[in-house]
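Since chain A is already given, all that's left is putting chain B on it; use the hints.
So the sequence lines, in the order shown, correspond to chains A and B. Position 240 (the first sequence) corresponds to 239 in numbering that gives the first Met the number 0; numbering is contiguous. Position 65 (the second sequence) corresponds to 64 in numbering that gives the first Met the number 0; numbering is contiguous.
Please keep in mind that the hints were generated in silico from the structure rather than gathered at the bench. Computed from a predicted structure; not experimentally measured. Cβ atoms here follow ideal geometry from the backbone N, Cα and C, with glycine treated the same way. Treat the hints loosely; a few may be bogus.
Quick list of the computed label-pair ranges, beta carbon to beta carbon [said to hold, decoys possible]:
no., chain 1, residue 1, chain 2, residue 2, range
1, B, Gln278, A, Trp57, 39 to 49 Å
2, B, Arg82, A, Pro248, 27 to 37 Å
3, A, Gly128, B, Ile153, 50 to 60 Å
Just a sample of chain B residues kept apart from chain A, beta carbon distances all over 10 Å, derived [to be verified]:
no., residue
4, Ser94
5, Ile185
6, Trp226
7, Pro239
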Amino acid sequence: MTAIPKDAGVSVAADAQAWEPENSYWRGVGRRLLRDRTTLVCSAVLLAILVIIVLAPWIAPYEPNVGRAIIRLKPIGFAGHVLGTDELGRDMLTRLIYGGRYSWLIGISPVLMAFAIGGILGIVAGFAGGKVNMAIMRVTDVFYAFPSVLLAVSVSGMIGAGILNVILSLTFVFIPPIIRVAESVTTGVRNLEYVQAARSTGASPLSIIFTHVLPNVLGPVFVYATGLVGLSMIVASGLSFLGLGVKPPDPEWGLMLSSLRTAIYNQPLIATLPGACIFVTSMCFNFVSDGLRTAMDVRA
Amino acid sequence: MLSYIARRILYMIPIALAVSLVCFLLIHLAPGDPIAAMVPPDTPPDVVAQVRSDYGLDRSLPVQFELWLEHVVHGDLGMSITRGRPILPDLIVASGNTLILAVTGGILGFVLGCVFGGIAGVCRGTWIDRVLLGAAVAGVSIPHYWLGMVLVIIFSVGMHLLPAMGAGPGTSSVWAWDWAHIQFLILPALTLCVIPAGLVTRTVRGLVSDIMSQDYITTLRGKGLRWDGIARHVFLNAAPTVIAVMGLQLANLMGGSILVETVFAWPGTGSMLNDAIFQRDFPTLQAATLVLALFFVVLNLAVDLVQTAIDPRISRS
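Chain A extracted, bound-state conformation:
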């Protein structure tokens, strides 16, 4: 620990208690992760995809939205087009690379936002207890009463198509489950003896939250949230597939899959490529999440 203790005495002792075992815990987690080959391979795949989509303008061989009508739906390996061309004669490889940017954006950002909002609400509900808990958790129950895909479709159907609207409606869908997990973990931590002890020494609620609750709650909630990314990728691209997400001509895996549906008769292989990208990404996120869960020994 490099931070300089602000106060002498009790708070230093509390800090030491909160940080020392945690360091060795994280070292153990790292060791377990390094031994888990599936998680390592999937992380590498995800990292590779991330690098490719970030560097899209420098890597992609063509312009994503410019096509030539005379080379529509050419097969894989067609002169200069490694993965062929789509229904408007645009290079598939280029569009898959650029499409990943949108798919990752609309798939991951809802989970991140829901993690922040749901995490805060859940911790507040769990820590405050009583009426605050009642209010937050009963509202959560109501949104829990909707099947998640239905809620996402209905909300984005009402507010209309668009990238921002997809992200908003999916954030909305993922907040309730994250609140539930954060609340139950926080309630568990709140009743632990050392938190009671901190309270009895007169520590303020905020300092208890930051020194004791957050370090213990963030891990499990984060692991749970990573488990939602795979689902979020599928649903977000699904909304685009339905025409509720990214608008043409911009490339997005779900949208590309939908517009290539007419090509299943003459270029079936090309028509399935965007879906395969969603599948691989989602699967890698799920394997990594499982690996994290095992390595961190979370049972939530």
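For chain B alone, coordinates are given in the frame of chain A:
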């Protein structure tokens, strides 16, 4: 036990009301004026005002909700803007079709999940376990709309074995359990079963391997009980949780089948929602969401009650 059931049913009422409120408010999420979507752009203002008061949209929100709820309770889900007829009859037909698809897919997924999960749980730590668990993760990671396309490419486009779209020969939307109709059900049901199969596999695997390592199983083994006797114990202990997971999945299939229904042009609630969204038919969207969400609430209750009935540990606590 009885008081638990009564409490659970009573608790459903506020949830159902709140769900209705959310569905009611949903229509107010739409940008702009819902009336603008209903009438032609050159409608005179007094006609617009008339339509507005016909739909009760000139009243305050609480009054509107009260009126809407009164209609809903009496079975009146409103008029479809694009079809110009009551929503409920169409919605009942569509729900029936979705139920057929969801139940078939759900049962398929349930059976596959129990078999794979059971095998993986018994063989925990072996390569069989790893392969099945990997398959389960793949199952929950598949974009099912993509799987639907792949199945169509293989079985309809490639092998000409099964029809790619619709729910029966011709345009009739009346379902029958004969081959002419069932062949339309196979691909969408296969597509839909993959996610519940994956989830149930993971659940059953965890449960089985947990139960197998319990002391009482060791004791039973020690007493010389054969594998079928042990399987019975494992089954009885795993059943409540598996039923809960499956019930939730079935409800999710009902509400989430929109993508698969769109791929296969299956005439269910999903297609109805999809049409309603693109024709800006807000009352239909609202009604379909309400019915599916209430179904979800009722199914959750049913799962809870079944779980209580078969698991003595719940009613005791």
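Exercise. Quick check: which numbered hints come out false for this structure?
Worked result: none
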